[in-house]
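A.B. asks: Same order as they appear, the protein sequences are chains U and F. Following our numbering, the numbering of the first sequence begins with 1 at its first residue and continues without gaps. Following our numbering, the numbering of the second sequence begins with 1 at its first residue and continues without gaps.
These aren't lab readings, by the way, just hints derived from the structure by calculation. Be aware that one or more of the hints could be misleading.
Just some of the chain U residues that point at chain F, by a computed CB distance under 8 Å [to be verified]: (1) Gln52; (2) Leu56; (3) Asn115; (4) Thr116; (5) Arg119; (6) Ile128.
All of these numbers come straight from a predicted model, not from anything done at the bench. The beta-carbon is built from N, C-alpha and C at its ideal position, and this holds for glycine as well.
Chain residues, written in single-letter form:
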Amino acid sequence: MKNKILSFVLVLILFSLLPSLTLAQVQTRVRVIQASNVGKAIDPSLRDLHDQLGSLFNFTSYRLLRDEIVILSPNQPASVSTHKGRSIEITQVGFQRNIAELRVRIRRDGTDILNTQVRLSPGRTVLIGGPKHGEGVVILALSANF
Amino acid sequence: MKDSCSSISQLLERYFDRQATDEERSLVERHLPICQTCHERLTLLEELRKAIKAPVDEALKEETFPWVWEKIERGIRLGKKPSWQESVRSWLDLSPLLRKKVWIPAVATAIVLALVASPLLFKKTPSLSAPSVVEYVESQTYNVMVYEAEKAKVTVIWLFEEMEGESTTS
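Turn these sequences into a full structure, and let the hints steer you where they fit.
C.D. replies: Written out as structure tokens, the structure reads:
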């Protein structure tokens, strides 16, 4: 009985250490949103962001243009095209417990228009917006899950 | 003499069984040297006792009575309960485990893994309540504003059209 308890404890220790030793993958959600003051429609799939968007911006309409989930391995860039020849490239450059460091590059026709590095944790959102699109602007919403 | 012999004869068995009083024993011991019959009868009683006792003693020597010893040992065990310290020490006794050498590499592996992982486990990391941090941001095309909303758990990076000939790095 004693041997069984001790072996169980050892297995628990080993399993608790394994996640720290494995290479972390970060699941990142990229949503491309068109915000405008034309109409009052809010895309149903943006309900989780509605309060945040409403408290930050004065737009009346939010439309989801693209919704992508990318799995980021360390130092492996992943690219998602957004709109009109623009794309967002995300690279996981660091990972501590509960915090992923992501390098974000937004490109237009092969030229960088934004370089940034953010620390993202589950439940947090980074919004990158401003470029004009149609009658409104484009907002990129980044969130991570790991 | 006959009366005396008759009365002594009645006392002889009590004398033989050592149940006679001092007075009776004195009577018998005075009578035996002078009465052959009573002497022979006493001798007969002694031989009879020897004849009975010898096989019984022999049987007792050969019999080990295991059930008797079991009963005694059980009594000793029940009578002496270990203290709680002894019980804990007994429970924590690792000697049976250590006898199995298969545990040695497992324990060594666990220790090595713990040593390797300890810097990761005890590394000071920002708490979840800390806001997402923009470590740097730069743009050759836009003016950039960064706003972090603590309550809403949102960080906003907003790009403004750049003024002519102006470049922003923050």
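A.B. asks: Compare the structure with each hint and give your call.
C.D. replies: To see whether the hints hold, each was checked on the structure:
With a cut of 8 Å, the hint placing U:Gln52 at the interface with chain F holds, because the nearest CB-to-CB distance is about 5 Å. For the restraint placing U:Leu56 at the interface with chain F, the shortest Cβ-Cβ distance is roughly 6 Å, inside the 8 Å limit, so the hint holds. Using the Cβ-Cβ criterion of 8 Å, the hint placing U:Asn115 at the interface with chain F is satisfied: the shortest such distance is roughly 5 Å. A cut of 8 Å between beta carbons decides the hint on U:Thr116: the least distance to chain F is about 4 Å, and the hint holds.
Satisfaction of the interface hint for U:Arg119 is found here, the shortest Cβ-Cβ separation to chain F being roughly 5 Å, below the 8 Å cut-off. At a threshold of 8 Å, the smallest CB-CB gap from U:Ile128 to chain F is about 5 Å, leaving the interface hint in force.
The earlier numbered hints are all upheld by this structure, with none contradicted.
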